[in-house]
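Undergrad: Letter by letter, the chains look like this.
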Amino acid sequence: MLDQLDRRDFMSLFGSGLLVAFSSKAQESGIARRMPPGIPQDVDSWLHVGEDGVVTVYTGKTEIGQNIRTSLTQAVSEELRCPAGSISLIMADTGLTPFDMGTFGSRTTPTMAPQLRRAAATARDTLLDLAAEKWKAGRDRLSIADGKITCADGGQSIGFGALTKGQKLAKTINRDLAVARPIGQSVPKLFGRDIVTGIHKYTPDLVRPGMWHGRVLRPPAFGATLVSLEPHNLPGVTIVRDGDFVGVAAPDAQSAANALRQLKAEWKRTQQPSGAMLYEDLKKTASPGEGPSSGSIEQGLASADVKLHATYTVAYIAHAPLEPRAALAEWDNGALTVWTGTQRPFGVRPELAEAFKIPEDRVRVIVPDFGSAYGGKHSGECAIEAARLARAAAKPVKLVWSREEEFTWGYFRPAGVIEVSSGARRDGTLTAWDFHNYNSGPSGIQGLYEIPHQRNIFHPADAPLRQGSYRGLAATANHFARESHIDELARELAIDPLAFRLKNLTDARLRAVLQAAADRFGWGSMKGNAKGIGMACGFEKGGYIATCAQVAVENGRIRILRVVEAFECGAIVNPDHLRNQIQGAISMAIGGALFEQMRFDNGQILNGRFSLYRVPRFSDMPEIDVVLVDRPDLPSAGAGETPIVGLAPAVANAVYDFNGTRLRGLPLTASG
Amino acid sequence: MRRVNQITVNGTLRQIDAEGSRSLLSILRDDLELTGTKYGCGEGECGACTVLLDGQPVRSCITPVSAAAAKPIVTIEDIHHPVQDAFLETGALQCGYCTSGMIVAAVALLNKTPHPTRQEIVRHMNGNICRCGTYLRIVEAIQKAAQAHA
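Quick mapping for you: the protein sequence lines, in order, are chains A and B.
Using our numbering, the letters of the first sequence map in sequence onto residues 1 to 672.
Using our numbering, the letters of the second sequence map in sequence onto residues 673 to 822.
Simulated from the structure, these hints should not be mistaken for lab results.
Please note that the accuracy of each hint is not assured.
Said to hold, decoys possible - Taking lysine-lysine pairs in the DSSO-like style, the calculated list, with each CA pair at most 30 Å apart, reads:
#, chain 1, residue 1, chain 2, residue 2
1, A, K171, A, K148
2, B, K743, A, K201
3, A, K531, A, K307
4, A, K503, A, K307
5, A, K134, A, K148
6, B, K816, A, K201
Isolated chain A (complex conformation) (with noise of 0.2 Å):
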């Protein structure tokens, strides 16, 4: 699988030097490719023209649903000027693909897309000067469209493939190259038509020859170390124990199922951090920190009519994503492939090389389109116990989490305690905000509003659980906490929470948004009217987002009623597409929102099903309405995340609305 290519990568003597001779195998059957080291700077890294005219692009990005597969292959089609029909998009694979940091952070859009659209706008600009000198035609005479090349003069056309009969690309990526901006359009989710006909294979439905099934026996608690463990054998079974890694492999995964209840484990328990004092332990245990600060917060307070200290929770809670980890493992004369659902596949891949103390050359990740992440699949835990199993095995073998498991023996995100301080005057100037974070991190911590005196503090603390990202990071928690502690003032001052914040606000996209949303929602005419609304606005990670909400409380639930929220992330690259994600986000932040919450005591899960963690469902959708705010003048930015972290302070505010509650901790309970 691993096998180096011979590529007799020699110049051709073919045309101008542009192209160079390629092994056509190699990509056909997914051998790997011999990549550059670092980001590759040449054309075919990227991008590969075939003799047929199919053109194969590269990314070690992932597809997880936010449909990058979809925008990438538009920004290709884009840029070089072919049916989208016509581009093979091969992503996360170590073996294949360029380098990559990890589909995280919103980065696709921003980075991928105008990387890709380099390499094609290269290509594009390769191919003009092949069909020039075949014709012996000036650029000026020559059109490109459609994945053809036409000549003015003799009304001349060629394919791509044609023109390059498969070969090589030999062209630094030409960073002058002007680059288009999206076009923005809906084009259909890709391979869509597999996922609705149940084909689309995810890690967890691939087979390979010879494959068997594993399974891990886990600890009772975090912490807990095995101490003996009966029986070591059983016929027909591979059972693993090292150090406190027990697992059992199988030829089936009803086997592999009954071995695991054979075995019988003593562990030995140490005492662990339970979720009663979550807070207080979060507060206690915090460094003193940093983050942007100016003016003096003292000065600021001295200057207020009106001062507020308020504090914020957050609990811990898990992605859930449907699809559990799962991983593939299959050694090869000391090399490993491993196909996993995972957002860092090379990160995933130096983990493998770590744990079994190969090269990172002998270890390929490959990523299937996978039933998503949201920020909880950085890591290479299943991974490394599949390669684990199948060594000892000697045969391939498939790894699932149980959904206990995922909840488990993944990561969180992280849960924190926000303090705020603030001062304003009576006209609604602020003039003093001091917010501390204690442990849910910096992301979105930056001052929004214009306050001469302020500070904004992450206190990084010792977190009783694993930890992690999580879709929005704490943006999500430092949005709560900021747009509640504005509504909070807003209210001291009984000044209308949107005028506060107007008045405060000088960012003209940020203020854009705000006012779209609160025109779509009606908010004018709504307050005084209506009883349950509420607002929040936010930027992070280039997008700019206001959310407005209307609640009703009712036998002690909070249902949210309507949602309105306005998005502007730059060019829109495809409205349907980031309405979709838009949409999702505010459903998934319902969750966090109002019934989502990770309960632990002494090194266990209490609650770690479906059953015993509530997410939102069906019934819980309120109407949504998503305002885009387009703006093709700017740069395309990320919207997988940003989306996220209006819904609960919006939520928030509206119950105050409401009843006159203020709720200061997530999960809202009405109970507060």
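Once you have looked at the hints, place chain B on chain A.
TA: What follows is chain B alone, placed relative to chain A:
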């Protein structure tokens, strides 16, 4: 528990050799390689494993194969219904992992109630989880398929 030796899936009698207590989901996925039906929770809470058993939507992860032995089973692989096009037209999927279960559940609803109200759709589909949050589009897709049927 008795062993089960055959089941009828997608109109075909399939030979198996399984303990009757094994889940129908495991038989479909592991023994018959019908992997369109997904595992999501193992406790009948998420709906990713929904199949039709004698025309009724069931959670195959909590259905012992013994309970399915004498009845026709239909999985996503043998669903050919306008609601699939409606899902594509309304963009009612993101990662798509829940989609098989959603479509099978929707087909069961539309077979029984060709013109469901919004409330009926929500009630019927409420046991299916879409973590990407495409719920409103799924409702729209089902409504669209129902209208096409008119």
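Undergrad: Each hint: holds or not?
TA: Comparing the hints with the structure gives:
Restraint check for K171/A and K148/A: satisfied, since their Cα atoms lie roughly 20 Å apart, inside the 30 Å limit. Note on K743/B and K201/A: the hinted pairing holds, with a Cα-Cα distance of about 27 Å set against a maximum of 30 Å. Pair hint K531/A plus K307/A holds up; C-alpha atoms about 27 Å apart against a cutoff of 30 Å. Restraint check: the Cα-Cα separation between K503/A and K307/A comes to about 18 Å, which is no more than 30 Å; the hinted pair holds.
Of the supplied pair hints, the one linking K134/A and K148/A holds, its CA atoms being roughly 14 Å apart against a limit of 30 Å. Proximity of K816/B to K201/A is assessed by CA-CA distance (about 27 Å); at most 30 Å being required, the pair is judged to hold.
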